[in-house]
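Protein chains in written order, with the numbering used here: chain A, 1 to 219; chain B, 1 to 219.
Hints are computed from structural coordinates only; laboratory data are not their basis.
Don't take every hint at face value.
To be verified - Facing chain B, according to a computed beta carbon distance under 7 Å, are these residues of chain A, among others:
#1 108
#2 109
#3 110
#4 120
#5 162
#6 190
#7 192
#8 193
#9 200
#10 203
#11 207
#12 211
#13 213
As the list claims (entries may be wrong) - Here are the simulated DSS-like cross-link-like pairs (lysine-lysine), alpha carbons at most 30 Å apart as the crow flies:
#14 A/185 with A/57
#15 B/185 with A/57
#16 A/176 with B/176
#17 B/55 with A/55
#18 B/185 with A/129
#19 A/185 with B/199
#20 B/176 with A/129
#21 A/57 with B/129
#22 A/176 with B/129
#23 B/176 with B/57
#24 B/185 with A/185
#25 A/57 with B/57
#26 A/129 with A/57
#27 A/185 with B/129
#28 A/55 with B/199
#29 B/55 with A/176
#30 B/199 with B/185
#31 B/199 with A/199
#32 A/176 with A/199
#33 A/199 with B/176
#34 B/199 with B/129
#35 B/185 with B/129
#36 A/199 with A/185
To be verified - Estimated spans, in silico, between C-beta atoms of each pair:
#37 B/65 with A/40: 33 to 43 Å
#38 B/91 with A/40: 46 to 56 Å
#39 B/128 with A/84: 45 to 55 Å
#40 A/111 with B/50: 26 to 36 Å
Remember, it's a predicted structure, so these values are computed and weren't measured experimentally.
Even glycine gets a Cβ: it sits at the ideal position worked out from N, Cα and C.
Each chain is listed here by its residues.
Number of protein chains: 2
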Amino acid sequence: MASEPKNGHAETQERILHAAERLFAMQGYDGTSIRDITAEADCNVAAVNYHFGGKDKLYVETFRRLLVDLRDRRIVSMRRDMSAVSDPSLEYFLESFANAFLEPLVDGSRGRLLLSFFANEMTGNHLPKDLFLDEFIRPMVQVTTEGLQQTGPPLDPMIARMCMMSIVGQLLHTLKGLPFFSNPKGPPLVPTELGDHIKHVVRFSAAGIRACAAPMEAS
Amino acid sequence: MASEPKNGHAETQERILHAAERLFAMQGYDGTSIRDITAEADCNVAAVNYHFGGKDKLYVETFRRLLVDLRDRRIVSMRRDMSAVSDPSLEYFLESFANAFLEPLVDGSRGRLLLSFFANEMTGNHLPKDLFLDEFIRPMVQVTTEGLQQTGPPLDPMIARMCMMSIVGQLLHTLKGLPFFSNPKGPPLVPTELGDHIKHVVRFSAAGIRACAAPMEAS
DNA sequence: TGACTTTTCAAACACTTGTTTTATACTGCC
DNA sequence: GGCAGTATAAAACAAGTGTTTGAAAAGTCA
């Protein structure tokens, strides 16, 4: 087993993962052929099957790495923010969460890749079902509802999670819809700056959360 | 040109559209072969190219029909609700919108198809770019911000549209996330009933909207 | 009926897919 | 040196893709 890079560029295995990351993200699973990948990784078609045992296995491995990386970046970012001030406000938490949530998805080219990767996987379903829930959703739900209950008004846990869903939904929709709405032929329908949307979501959601804590008025 | 159904089942053209609708929705563009479609439509492979001029054209036509149908159902439903009462409240509008938005996506099998179709298209991008924006987004934005400004507090148009984005984001995320969150091995993380989520979104968003109308406090 | 168009069909075409085979280089070890 | 084990490569494989062809069938209208 050679442990040194060969003539300047990385191991074949790593080159394949890199190429796969980019191509799966941009073109989806079905849209990417093994030959696309091996061409970009500058190796033979057989290499994928040799090193990973098939296209599907390569896909899962590629996605798993991205998923874990994203999760950890978010959690670290939030924990850092939350321990930076004493007695953080609800608005502070929401902004920290929004940034931790969005930052890895928009910074540089890797962010766009991740976002695109997720979008593709959402519909394609080429992953083992539990990978996503166990390795990604649950930890995020855990740490976020925690922060919410720490900074916000007292909330029933289930309602707290629905509030987090409301926020995540807004953020995701903003990310997906922004290029759509902000650059048509006419004047933009909504602000073009992501920061403006974050401010809006924070304001909108802080009020929403507080309303969910208030006793329900008869309707 | 035969204008009568032939021996009991519809014209080939219509049968193809029907099958395409179902298959494109469930398996996406790449995941569906012409042979899949023609097998389900009970006709020859060549029929697709004869009647539609290619797989891509068939896809666009299939999607266009669904899109227009969905848009009209939503708009009709909202207009009906809004003219059913005099001086409707913000909460009333929000609930009407949420129902008009979700109903076509969850009723019976066709709703699920539509939802799945949309999800697939979001990532696949097999449509002419303007079709979606011009025939779908703009009319919806028009009628919804209208209703919002009619029932809610006075809002800057751009802020009104951001509020609508907030609501749509929540609804879409609920729809996508609900099967995920509500049926794991353990106890459900959030309510399993869509109606409970709608109530939450209405409450959450009404407060959010009112907060967006209030003059911004210094932060 | 017979000419004419529209529609259907089986077959073939040219191409891409994921995977496997077979052979060749390279590694470290004795 | 020779001999494992690992890694790469070219070629071939079987299956599936969208599309086209050319002929047969069905339908239309004089």
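30 Å limit on alpha-carbon distance, applied to hinted pair residue 185 of chain B and residue 185 of chain A: violated (49 Å)
Need the status of pair residue 57 of chain A, residue 129 of chain B: alpha-carbon distance at most 30 Å? Violated - the C-alpha atoms of residue 129 of chain B and residue 57 of chain A are around 33 Å apart, more than 30 Å.
Would you check whether residue 203 of chain A satisfies its interface hint, that is, whether its CB is within less than 7 Å of any CB in chain B? Cβ of residue 203 of chain A sits 6 Å from chain B, so the hint holds.
Residue 108 of chain A as an interface hint toward chain B, with CB separation required under 7 Å: Since the shortest Cβ distance to chain B is 21 Å, the answer is violated.
Under 7 Å, Cβ to Cβ, is where residue 190 of chain A needs to be relative to chain B, so tell me if that hint holds or is violated. Holds, about 5 Å.
Just to be careful, I want the Cα atoms of residue 176 of chain B and residue 129 of chain A compared with a cutoff of 30 Å; is the pair within it? holds (15 Å)
Less than 7 Å between beta-carbons is the criterion; does residue 211 of chain A satisfy it with respect to chain B? Check passed: Cβ of residue 211 of chain A comes within 3 Å of chain B, closer than 7 Å.
Is the gap between the beta carbons of residue 65 of chain B and residue 40 of chain A within 33 to 43 Å? holds (38 Å)
Given the hint that residue 176 of chain A pairs with residue 176 of chain B, test it: the Cα-Cα distance must not exceed 30 Å. holds (14 Å)
Evaluate the given range 26 to 36 Å for the C-beta pair formed by residue 111 of chain A and residue 50 of chain B. Because 45 Å falls outside the window, the suggested range is violated.
Quick check on the hint: residue 110 of chain A CB to chain B CB, less than 7 Å? violated (18 Å)
Mind checking the alpha carbons of residue 176 of chain B and residue 57 of chain B for me, to see if they're no more than 30 Å apart? holds (28 Å)
Going down the numbered hints, you'll see the structure goes against 1, 2, 3, 7, 8, 13, 14, 19, 21, 24, 25, 28, 34, 35, 40, while the others check out.
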